[in-house]
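Asks: Okay, here's what each chain looks like letter by letter:
There are 2 protein chains.
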Amino acid sequence: MPELRKDAIIERWVLIAPERSQRPHDVVPEAAPESSSAADACPFCEHRESMTTNEVLAYRDDLDETANGPGWRVRVVPNKYPAICPAGTIDNGLEQSVSADNIFTTTLPGHGRHEVIIESPEHYTRFSQLTDSQVVDILRAYRDRLAAIREEGESTAVMLFKNMGARAGASLEHLHSQLIAMPVVPIQLAEEVAAAKTYLQRTDRCIFCDLIAHETAEKTRLLVETEHFTAFCPYASRMPGETWIVPRRHAPSFDSISSSEIADLASLMRQILTSIETFLDIPAYNYVIHTSPFDKSGGNHYHWHIEIMPAVSHLAGFELGGGFYINALTPEDAADILRTQIVRLT
Amino acid sequence: MPELRKDAIIERWVLIAPERSQRPHDVVPEAAPESSSAADACPFCEHRESMTTNEVLAYRDDLDETANGPGWRVRVVPNKYPAICPAGTIDNGLEQSVSADNIFTTTLPGHGRHEVIIESPEHYTRFSQLTDSQVVDILRAYRDRLAAIREEGESTAVMLFKNMGARAGASLEHLHSQLIAMPVVPIQLAEEVAAAKTYLQRTDRCIFCDLIAHETAEKTRLLVETEHFTAFCPYASRMPGETWIVPRRHAPSFDSISSSEIADLASLMRQILTSIETFLDIPAYNYVIHTSPFDKSGGNHYHWHIEIMPAVSHLAGFELGGGFYINALTPEDAADILRTQIVRLT
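Going down the list, the sequences are from chains A and B.
Take the first sequence: its position 130, counted from the start at 1, is 130 in the working numbering, and no numbers get skipped.
Take the second sequence: its position 126, counted from the start at 1, is 126 in the working numbering, and no numbers get skipped.
Source of the hints: derived by calculation from the structure; they are not laboratory data.
Do not take every clue at face value.
No distinction is drawn between identical chains; accordingly, a pair holds when it is met within one copy or between any pair of copies.
As the list claims (entries may be wrong) - Each computed SDA-like pair below joins lysine to any residue, with the alpha-carbon atoms no more than 20 Å apart: (1) K197 with E11; (2) K219 with T105; (3) K296 with R126; (4) K296 with L200; (5) K197 with L222; (6) K80 with E65; (7) K219 with T107; (8) K219 with G298; (9) K219 with T106; (10) K296 with E277; (11) K80 with I342; (12) K197 with H47; (13) K296 with A190; (14) K197 with K296; (15) K219 with D295; (16) K219 with E19; (17) K219 with S133; (18) K296 with C45; (19) K296 with A148; (20) K80 with Q129; (21) K80 with A328.
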């Protein structure tokens, strides 16, 4: 029978309803996109560096190589079509104003950074094509950019995320992820941070540290424990195969990650995402790195982590209008499937 | 330049970034679904009543017609593949338990109602095919079911919503909407109700009543004012063409709607949805009726309304991971387009 489950951290409820998977469909599902011949003109491929904006970071084997030329392993460039821009780059009058003439039109200039992390010089389109050492480079780039933006002191929160596949919102197929640094804290992050703070004040412990301990002891949703990380399908999974990767060392912010943690995480992410792509056959998904805001709302009570959200079904009125999800695969069943595959890969 | 806007009611920020509409794509978008020949076997068509569960409500011209036979105009049936079930219908042990052995596994039995409102006896697939009088029947069915479930006293909140088109989560194309009655308050409704309460305590006024006054005076996002309703594109629209319809009479709950308000709303909804379907050429969308919870969190501070959310682009990591939206069409531009079309229809 259907079961309502509350998220471990925030007041978000999910209906776990396996019976729903048997319902009939006559609306023809949107066809999965065909592989395009996009590699011919892809602006993210090596030797087409002039098609992007100038890089803000790149890792090259040969330190004598010129910036914005070939020879890179991972490359970070400002988004050519930014959702948000650095302060001072455009001056149109709104620039100086933080306008809130009344509560119904609170506005801020869209100041921040919107960057693209290009994850391979080759035209790779699946995470499973990457090697562990390429994933290490990607995670280092996340860390280095997050630390640089913190240092810069002009943003309040940073979201690091990957949209993989059309159904998950990707517009270019060449493997990439994105960074958005913004002057406000996204509502869901604000809720998580507030919940962690309340829990700390009440118990003197971190809610995420306790969650790891709970899932490790409980085992039914646990995927794998490595030296530095615990991966599990959350109790109130919003979608089939949802997976959280949480560092075992308490740390509010992703940019405090160590080199040995990066090596461990790279291997783990490759295993989990390969399992999702290959064995669950879910080619579209999002992952988001949740990391503490830079402003005073952040603090030692938060615990950074990664949430992987497979894009299996389209969100409907229920999810959009209520922030309420229906999931037809129990996280216990999803964990059973994923666990087997992850073991085979290791 | 991009602009950050905060929702009028809750702490949700949206990036309005028209520049984003120019970005290139090489991921082939999922093809729009072809019209299927589903009418041949559609369980929602007249004369196939035996293919659904037994109706809980139907409007018939001839009162002598038998229940679950033909002759109906609108018909409400329990969902055959329910996400949530009435108490006592299934007994599997979980039934009696409200389990919360620790905060990480808070669960409730999925008790409630999941119903389908079948909106026409004919195999209609577009809202624009309906007449005003058919929309009146649909809205009456919403009101009558909401009132009956309130009377029953077993649910805490009800969501009434339509998923139109595959991209918006529909699985059957025959025009229908859904009702889910549940024992908890969805997180987004809880936030809205709390914000309205805080505003009332601070100002002694309703935040939605003030919002109507603001949008009516401001005019740039206003679509139309009728005798009983105000329709506008909200300042922090999450998606292109997002539209809210708010009753001018303060009322917390949809089921207090009067017959003359229903007649007015039916005509308005038909005009707006026809404009979105036909002139914006957006065949997929969701609408959700936001109505006050039945429990003590609800109260006179809330103000029911309808939010229409066109499903133009797929949600990405940004939206899913942060509750943060990027919208490439300003609500002022969307209102300009929609306003012209609505006037032509009237």
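Asks: Within a copy, between copies, both or neither: where do K219 and G298 come within 20 Å Cα-Cα?
Replies: This pair counts as neither: shortest intra-copy Cα distance 31 Å, inter-copy 39 Å.
Asks: Check K296 against R126 for me: Cα-Cα at most 20 Å, and say if that holds within a copy, between copies, both or neither.
Replies: This pair counts as neither: shortest intra-copy Cα distance 38 Å, inter-copy 49 Å.
Asks: Should K80 paired with E65 be assigned to within, between, both, or neither, using CA atoms and 20 Å as the limit?
Replies: neither (23 Å within a copy, 64 Å between copies)
Asks: Checking K80 and I342: alpha-carbon separation at most 20 Å within a copy, between copies, both or neither?
Replies: neither (37 Å within a copy, 36 Å between copies)
Asks: Within a copy, between copies, both or neither: which one fits K219 and S133 at a CA-CA cutoff of 20 Å?
Replies: neither (30 Å within a copy, 56 Å between copies)
Asks: Since the copies are identical, ignore which copy is meant and state whether K296 and E277 lie within 20 Å (CA to CA) inside a copy, between copies, both or neither.
Replies: neither (38 Å within a copy, 45 Å between copies)
Asks: When no copy is named, should K296 and C45 be tagged within, between, both, or neither for a Cα gap of at most 20 Å?
Replies: neither (40 Å within a copy, 58 Å between copies)
Asks: Treating 20 Å as the Cα threshold, decide for K296 and L200: within, between, both or neither.
Replies: So K296 and L200 pass the 20 Å test inside one copy only (16 Å; across, 28 Å).
Asks: Is it within a copy, between copies, both, or neither that the alpha carbon of K197 lies no farther than 20 Å from that of L222?
Replies: neither (25 Å within a copy, 41 Å between copies)
Asks: Treating 20 Å as the Cα threshold, decide for K219 and T105: within, between, both or neither.
Replies: Result: close only across copies, 13 Å inter versus 48 Å intra.
Asks: Regarding K219 and T107, is the shortest C-alpha distance of 20 Å or less found within a copy, between copies, in both, or in neither?
Replies: So K219 and T107 pass the 20 Å test across copies only (18 Å; inside, 46 Å).
Asks: Under a CA distance limit of 20 Å, which applies to K219 and D295: within one copy, between copies, both, or neither?
Replies: Answer is neither; intra-copy 36 Å and inter-copy 36 Å both fail.
Of the hints listed earlier, those the structure fails to meet are numbers 3, 5, 6, 8, 10, 11, 12, 15, 16, 17, 18, 20, in rising order.
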